[in-house]
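Q: The lines below spell out each chain.
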Amino acid sequence: MLELKPEERAMLDGKRGKATRKAMEIITSLGEIYGAKRLIPVSSVQIAGVSYDNLGEPGLEFLSDMAVDGQVRVLTTLNPAGMDLEDWERHGISPDFAKNQERVVDAFAKMGVMTTCTCTPYLVGNLPHYGEHIAWAESSAVCFANSVIGARTNREGGPSALAAALTGVTAEYGFHLDENRVAEVKYEVRAILRGTDDFGLLGQVIGERTNKAIPFITGISKATTEDLKSLCASAATYGGIAMFHMEGITPSRTAIPEKTEVVSQEDLEKARGKLDDKGAEIDFISIGCPHASIGEIAQIATMLDGKTVKNGKTVWITTARPTKDLAVKMGYYDKIERSGAFLVSDACCAVAPLKGRFKGLMTDSAKACFYARGKNKFKTEIRPVEQCIREAVS
Amino acid sequence: MKLSGRKVFRGRVSGEALVTTQDVSFYGGCDPETGVIIEKGHQLEGKSVSGKILVFPTGKGSTVGSYVLYALKKTGRAPAAIINKTVDPVVAVGCIISEIPAVDQIEIEKLLTGERVDVDADRGIVSTQD
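These protein sequences, in sequence, are chains D and P. Each residue of the first sequence is one higher than the one before, counting from 1 in our numbering. Each residue of the second sequence is one higher than the one before, counting from 1 in our numbering.
Calculated from the structure, these hints are not laboratory results. Among these hints, one or two may not hold up.
[To be verified] Straight-line C-alpha distance at most 30 angstroms; calculated DSBU-like pairs for lysine-lysine:
#, chain 1, residue 1, chain 2, residue 2
1, D, 212, P, 40
2, D, 110, P, 74
3, D, 307, D, 359
4, D, 375, P, 47
5, P, 73, P, 47
6, D, 355, P, 73
7, P, 73, D, 359
8, D, 212, P, 73
[What the hints assert, rightly or not] For each label pair, taking beta carbons as the anchor points, the in silico distance ranges come out as:
#, chain 1, residue 1, chain 2, residue 2, range
9, D, 129, P, 47, 49 to 55 angstroms
10, P, 115, D, 213, 38 to 44 angstroms
11, D, 375, P, 10, 44 to 50 angstroms
12, D, 130, P, 130, 55 to 61 angstroms
13, P, 21, D, 127, 41 to 47 angstroms
Just so you know, even glycine gets a beta-carbon here, dropped at the ideal spot from N, CA and C.
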């Protein structure tokens, strides 16, 4: 039975407004369904379901209704929108779409949500610490928070994340509890991983095999933050994985499972083969799924400096707005844009309204391939970042 | 016949059952304007869920599905109630935000399309008049 504190009860009884009541109904109902005994405070929220391309009018209606009297109680940021909120016209977004996307972002802003639209909130000021309880929705960020940071969150949906923001609490079940964070299958990686594309393929291999059991990954001696965000994105996309352990790299303690599987170089190459469409005509190159870090942008700026993007090819480097602002200050933005590539903030190739606009996508991201193929009907090729940029300019 | 389960969202309502043994995705699987199931090859393809006691094992698909239920409710085209074997978070949240009575942990194999069903979600009870 779920027990409520007096303030939580007041919210549920409608004494803190209509939106807060609805939010508390969501939290307590989920708590009852999943057998939670109590609610716990969250210190950070990240909301998914921001692109108008996914939300449509139904989602916008709900958000507008909640924004009538809803106000967030904790630090809350957003997932990517369907467009760069300030620079959409140059990226081929229609004025109609832009208007609707702005209505969505305005509804969130009215509730006090910080409208940094990014799938990597941890790179731009929404960074919980080890053990902290949070309510995040973006699947790759959930996996990063639970695994790499050691914070605690379930995979929230858009409405349940918003509900946590408006009440400041979530129900204590799932990944908030120690017993649900224990590794279940050991994966011995016997392969050399060279960059973000390889880590994405590893996430794909494990994701497709693990059937939501928490992996304990061994055999990786070194991984950058960028490698890990790529791994998290594809593990979540291909396997619904919300948490893994990695020997020597992730901070949470766990018993080491006996059940062991091996991931070989051949397994990774097979995964690459699945994402490489034969005869793909590449007219779209996108890096930044999940959103590119300032380090990645610096490297790409160097690669593009003095080069020109070929006719008939479109290049999107997608990132969070604060990262773009820093890229402008550092001169990376100019180097990228002078080549004819676009540094796009707030949005990404998975949630922008791109269906039918391109034939083939080359990217370093296994997750981006999934959405390009499914949602946008593009052919895909997955390559290291350097090769993606070479494809764009040579 | 009386079947006993668990409340997902409160409310009491009676209506005609629409039953499927396949999972339902509201996002992409149900037209948010008409309430008609549009998923290709689904048992309920072409059928409207509006006003029905909709019975299915569990939800599947994107979390945006919760919003589709909300849109249907706003235009009066939502199901009158939902009965699941095991509710998933997308349908649960959809019912909560749309105030659609819902019950799960019900032996749904015992319900038939077209029969009249009383749903007492407050007590988690589903009954048929036979």
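Q: Decide, hint by hint, whether the structure agrees.
A: Here's how the hints hold up against the structure:
1. Note on residue 212(D) and residue 40(P): the hinted pairing holds, with a Cα-Cα distance of about 27 angstroms set against a maximum of 30 angstroms.
2. For the suggested pair residue 110(D) and residue 74(P), the alpha carbons sit about 22 angstroms apart, so the restraint of at most 30 angstroms is met.
3. As the CA atoms of residue 307(D) and residue 359(D) are separated by approximately 23 angstroms, the hinted pair is consistent with the 30 angstroms bound.
4. Note on residue 375(D) and residue 47(P): the hinted pairing holds, with a Cα-Cα distance of about 25 angstroms set against a maximum of 30 angstroms.
5. Simply put, residue 73(P) and residue 47(P) have alpha-carbon atoms about 17 angstroms apart, close enough for the 30 angstroms limit, and the pair holds.
6. Distance hint between residue 355(D) and residue 73(P) is fulfilled; the C-alpha atoms sit about 29 angstroms from each other, no more than 30 angstroms.
7. A distance of roughly 38 angstroms separates the Cα atoms of residue 73(P) and residue 359(D); the hinted pair therefore is violated under the 30 angstroms criterion.
8. A threshold of 30 angstroms between alpha carbons decides the hint, and for residue 212(D) with residue 73(P) the separation of about 33 angstroms lies outside it, so the pair is violated.
9. The hinted window of 49 to 55 angstroms between residue 129(D) and residue 47(P) holds, with their beta carbons roughly 50 angstroms apart.
10. For residue 115(P) and residue 213(D), the hinted distance range of 38 to 44 angstroms is satisfied, since their beta carbons lie about 40 angstroms from each other.
11. Range check, residue 375(D) to residue 10(P): about 36 angstroms between beta-carbon atoms, so the 44 to 50 angstroms window is missed.
12. Against the hinted window of 55 to 61 angstroms, the Cβ-Cβ separation of residue 130(D) and residue 130(P) comes to about 58 angstroms, which satisfies the hint.
13. A beta carbon spacing of about 46 angstroms between residue 21(P) and residue 127(D) agrees with the range 41 to 47 angstroms that was offered as a hint.
In this structure, the hints that do not hold are numbers 7, 8, 11, in rising order.
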